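With the hints as constraints, model all of the structure from the sequences given.
Number of protein chains: 2
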Amino acid sequence: MSSNNGIILKKHIDPVEGYPKVGEHFGLEERPFNLEAAKVDEEHPLLLRNIYTSIDPYIRNRMRNPKHKSYLPPLDLGQVIPNLTIAEVVKSAVPEYKTGSHVIFMSGWEEYTFVPKDAMKVVQVISNPYNLPLMTFVGALGMPSQTAYVGLKHVGKPKAGETIYISAASGAVGQVAGQLAKSMGLYVVGSAGSDEKIAYLKEIGYDAVFNYKNESVHDALPRLCPKGIDIYFDNVGGETLDAVLLNVNFYARIIFCGAISQYNNPNPYRLKNYTEIVLKSITIEGFIVMNLIPLYQEEYFREMPKLIAEGKLKYKYDVYKGLGSIPEGLLGVLQGKNFGKALAKIADE
Amino acid sequence: MSSNNGIILKKHIDPVEGYPKVGEHFGLEERPFNLEAAKVDEEHPLLLRNIYTSIDPYIRNRMRNPKHKSYLPPLDLGQVIPNLTIAEVVKSAVPEYKTGSHVIFMSGWEEYTFVPKDAMKVVQVISNPYNLPLMTFVGALGMPSQTAYVGLKHVGKPKAGETIYISAASGAVGQVAGQLAKSMGLYVVGSAGSDEKIAYLKEIGYDAVFNYKNESVHDALPRLCPKGIDIYFDNVGGETLDAVLLNVNFYARIIFCGAISQYNNPNPYRLKNYTEIVLKSITIEGFIVMNLIPLYQEEYFREMPKLIAEGKLKYKYDVYKGLGSIPEGLLGVLQGKNFGKALAKIADE
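Residue numbers (UniProt numbering), protein chains in the order written: chain A, 1 to 349; chain B, 1 to 349.
Because the hints were derived from the structure by calculation, they are not lab data. Remember, predicted model here, so these are calculated numbers, not experimental data. Accuracy of the hints is not assured; some may be wrong.
Same chains, same label: a pair holds when it works inside one copy or across any pair of copies.
Said to hold, decoys possible - Below, in silico cross-link-like pairs of lysine to aspartate or glutamate (EDC-like), each with a Cα-Cα straight-line distance of 16 angstroms or less:
(1) Lys272 to Asp242
(2) Lys69 to Glu276
(3) Lys91 to Glu43
(4) Lys157 to Glu298
Here is the structure:
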């Protein structure tokens, strides 16, 4: 008898409750599983063996108590926590999906996943003309990179010669946003919270960087952006946004991508400089990548794998080993401990 | 000997200093003037007799101490305060501007204005095919209406059937924004601070209105906007914006036009719900009408005079009588005492 263990939601958590606790809010559930006897049928046409799964901070939001509204549906108690995964098709009732082929699907944090009939349309068979490593499809090509790409193109509307500032620049979104902006001819400024991260940002081509733990954003921005900021890729919200509002140029675009510093904060920072939005004709736009990616999918999968294959887009991974390491991985992501993109390797390729 | 009295800036005022004081910061200066002897020449090709002048709140901003940056240049001490004015050409050194014709110009708060050579390109001779009253050109067709028009079209991108909420709805911008939105098939909700203003909003076609002094915006918005808010025309900023952020729909557009409640506030309200911008893919856009009006000028002057002539755009004026009444008018505007568009009649037509 093999197993199909999973990481499940055990208790909902309030948005203001701080970090979820392993064991109390979520944790490993051991589930025996007879792989050989498992059958696919019309209701569940595919059985997937999950290989690499993504660990993304937005999952915190889906763990919330359902009485709080949000842009994503809350998870049910006992439900396996879903996240973008690259998997191998091990059993198939549909000829279009061959056994042994690789697919991307929101199967999530478990060893094996039955795909229900009505989810079949979002099971994406990967094409891999550059023979990229499998983890690339939930890593350098995954949702945070899609967020960087779409945010930059759709909201940022970058023009060569402009200055972009990126907060949480070494994070999964920031590191890609910076390299993309650089490839478009922008002057790229970033911040992060450790010397190691700062060194990495220099390595991947940021023009100017600062450690926000050593220098206040209020001091660093005028110093590092002498021509002012044209685009701000906001991955943190809070006081940094307030400082940026005082340092942007006319017609600046603010890509409001996340507010990590506020997600787990019972007393969110209150913004004071928003009248600058009028005074400088600023546009601030929030977006949810899932809703925009259809607009950009074709150009994304045309441009990005090529950049990666040519070594023009460096990418850092934090690979957690085994399903059981995922809770630690999620907490690391939420607390900003990770360097690059957090993934878990659930099974061998 | 005739006079050319003017309202001049006497002392700069800090942004946090509250309302400007008549006599201390600005006031009437008596200036004798020999109209008959006055000559136009190459340096000053036109002499204008000012008839109606606009009284706009943004002037407060230009009265600030020059050490504070803003989108508009500060005024010099002793300078006549400029504002959009309709005037008669009384002397002309250029054949294109005939004596007796009417022009719009930023001549400002004085009886007569010499137009310097390098300002000639912005002296606009009016065409008046519908024979509208002269005050219309600095009133219903003036900058606040241009603000309403441009904000609605450029930022709001309204679609029939959507819900728009307009704060300071009986103000110079709001009353036009509401009627334009109504003419485009939107459901129009507005707020104002007196029963008289509320009655006026109903009269000009608002679908739902509330007096924010009687009902909190937090209660009124869910009650009056059962389908949520798609567009918010923000004329006030502050706590109202925070309440709106909790009541907007996905992909809402916020036309960030002014923050009257914050202009004179030494302790500006600090926004707390801005993470909704991400959660609901909201766009907030500030704009300065002067920079956008060239994009819309032709369609504006094609559509608006017709709407006015047909009685489809009702417009309320507060006409202050005589140059000496302007300081009182400006304070009224800044303190929200005015009903509609504030103008001063400087001279007879």
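Verification of the hints:
| no. | hint | result |
| --- | --- | --- |
| 1 | Lys272 to Asp242 | both (7 angstroms within a copy, 12 angstroms between copies) |
| 2 | Lys69 to Glu276 | between (29 angstroms within a copy, 11 angstroms between copies) |
| 3 | Lys91 to Glu43 | within (13 angstroms within a copy, 87 angstroms between copies) |
| 4 | Lys157 to Glu298 | neither (18 angstroms within a copy, 27 angstroms between copies) |
Checked against the numbered hints given earlier, the structure breaks only hint 4 and satisfies all the rest.
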